[in-house]
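Chemist: Residue numbers (numbering that gives the first Met the number 0), protein chains in the order written: chain A, 0 to 395; chain B, 0 to 348.
Don't read these hints as lab results, they were simulated from the structure. On a predicted model such as this, the values are computed, not experimentally measured, just so you know. Here a beta-carbon is modelled for each residue, glycine too, at the ideal position from N, C-alpha and C. There may be inaccurate statements among the hints.
Short derived list, chain B residues pointing at chain A, Cβ under 8 Å [to be verified]: (1) Thr132; (2) Asp169; (3) Met219; (4) Tyr334; (5) Val337.
Listed below are the residues making up each chain.
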Amino acid sequence: MKRRSFLKRGLLSGAVAAGAAVSPLGLRQGFAGDDDVLEDILDDFEGPEIRLDIDDVKLELIDGKRVFMWAFGLHDDAPTIPGPVLRLEQGKTYLFEIRNRSTSRHSFTIPGMVSPDGLAVHVELEGKDDSDNSRKSILVLAKDCGAFLYQDALNAPIGRVMGLHGFCVVEPKENITVGNGNIPYPTSVAPQAVTSLFETLGLEGSVFPGNGWKAKSDREREWIFNSVDPRWCDRFEQGQVVSAGEATDFKPRYFTLNGNSGYDAAHDHDCVPTGTIGQPLILRTANAGLAWHSPHIHGNHVYEFSRRSAKGELRLHDNIREIDTWTMPPGEIAELLLPFKMPPDIPLSKRPPNAQEKFPYSFPMHCHNEISQTSGGGSYPMGLVTDWVITGPYKG
Amino acid sequence: MTDIIISHPAHDPAAFDEFGCHVYAASPSTPDKLTPTKRFFRQVSSWNVTMADGKSVPFWGFKDPNVSGSDSPWPSKIIRVNVGDIVHCNMKPSKGTHTIHWHGIEPTPMNDGVGHTSFEVKSEYTYQWQASTAGTYFYHCHKNTVLHFEMGMYGILIVDPKSKTKKLYDPEEGDKLGDATIPARYPAYDAEGIWCFDDVDPRWHLYDHDAGICGEDIGMDRFEPKYFLCSGVPSNKTLTDSRTLVKAKAGSPVLLRIVNASYSELRITFPKDVLVAEEDGRVFRTNPLRGNFSKPFWTRTLNLSTAQRYSVFLDAPAAGRSCDVKTEFLHWCDYNRVQGTVTTRVLGT
Ligand SMILES: [Cu+2]
Ligand SMILES: [Cu+2]
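Just chain A, with the same shape it has in the complex:
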């Protein structure tokens, strides 16, 4: 199918499925099916496109067991759980084309993001057997900076837990400089506390000697926590449905970080923050599952500077807590700064390089509700855990 007809079918079927308010640019609800208007919009749209597919998959867990789940993947790329990290630039409009190749109905939703006409980003897609209605397109405006969780919200929260989730990160158009580095939010939006935190990084004589934070570098990691209840996987595989009302009967047996557990997560570059002393890093953490997690990091305290609720509302903090453990309710996103400081409780006279114990230093990050450190009812620590590594002293 050519791109044009692919899009057209998606757009028109969207009109049939939803049938609400007219949305001439959002191309979503209630599009009246005026082919000429549609053609105009498509002809005019020259912005970037993001094509995502939804597939039925089997996810291999840390103990080798395979469970039925759903996964997003970039079109013609292998599906992954979580879906790929989508990096958008603030101010741009993106055309999302979603194709559902799964047998079940799903939606594509990004809580907190909007179409160019200000409507919520949400399209519903029939299963692949109804091919006319299994493809949809929607325009997404990257209006605000920050981290978002794209997901299936049709039978919320079931689709998200069953694998349909991924990070969407909106970055400022140009790097915004404060102090010796960058800040991930415009200073017009960031409260004084957030600006002050990033300004202090890398300042001579401050609590953060070293560098400022560097945008668009390796100084960020996205962590999505999830948990797997194989009973739910089996039911969906057999064509049954788990209703949203059953969410309180969630009994997870596997716990993942970016789809990995234990050993796998600690050996995955995308999971393991790495750097020298004085190279601060941003952690974006989200909980796609239904268990409340309590991630705990060793070696350094972290500074929590934002939260986004499951509904998509952002709160940049005006009081920044320096903590070693943070709470992750289902569906939420937290952003934290991992300062890559010299671990503060090493005796002053025995800090590297004048020490027998040399770099690299590896420390774990794990959920402290330790039930999540298991796999299949045992096997500590093969659950929600990874490592982070200080590779050496400050290099300047």
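Given chain A's structure and the hints, the job is docking chain B with the ligands onto it.
Modeler: Showing chain B with the ligands alone in chain A's frame:
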């Protein structure tokens, strides 16, 4: 139904094994060893703890082998040091391997007590670290932690300020006191309460040390607590037991250190606003020299997930009056389910 498999590449079997099932165990000498200013001894021990219904449940923990009669306290004996102290703790596991992780304290990996990033202690090891920051911490075993933490292998760790007076911390140059930050009548306190909450699933307390660690399904994905305690006191005695009842002269400043050692989400409700002054061993300091981004705050409710700590200040109630604090244990998946409640008290004298 689907033939798309999201697989994970095969592991190096030896490395995989060492990560979980057969972790490297050793009894090395302490690297970079200094002369300590505070020295502690801990040995793994076990005993029974009486629950609210009178039943006796097996627990493990750390005793001080050099003090007779110190087998009894559970949770394990408090460790209290001052900012600047070089701390040594000699640990003898005695049954299988164990470790001590100094939660919230950030030493080198060798002294962090995590098997897969360093080693598990075979016969003995002396942990070393230097206390840098006043606040509330705890120490616990980090081997098969899901089980050993539930079995009670933890104790409270407090870093007091250098000044050695009853104070949460020593104000520093540049600290803003008496306005947006901690009122001038704090951070000193007259009375201190240490409330460490735990929940107990007695089914778990019958396992062996290594249970489940090499892949057996022993049901550690299910945790159904039957008992709720505060600082080792069962829920039916927390209003009167001296370990939990805080007595303070009417109107005097009281510091409550609150720790969640349970596998539940805690929802704590105070009868009036309290000042939250510290979290996870870090004071909410307002100090432009240290980065002007944190401040203490007043609240009537606190939520703590596992291993979080808070310190709050309040003024003791009038003589004979009490301030009762309600702590609810919420299920970690079914969050609206209150599994148990513990009430603790500050009594004015
Ligand atoms: Cu242990
Ligand atoms: Cu801990």
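Chemist: Please go over all the hints and tell whether each is borne out by the structure.
Modeler: Tested hints:
Given the 8 Å rule on beta carbons, the hint for Thr132 (chain B) holds: about 6 Å separates it from the nearest Cβ of chain A. Taking 8 Å as the C-beta contact cut-off toward chain A, the hint placing Asp169 (chain B) at the interface is violated, the least distance being around 16 Å. Hint status for Met219 (chain B): holds, given a least beta-carbon distance of 5 Å to chain A, under 8 Å. Interface restraint check for Tyr334 (chain B): the shortest CB-CB distance to chain A comes to about 6 Å, inside 8 Å, so the restraint holds.
Interface hint status for Val337 (chain B): violated, as the beta-carbon distance to the closest one in chain A is roughly 13 Å, over 8 Å.
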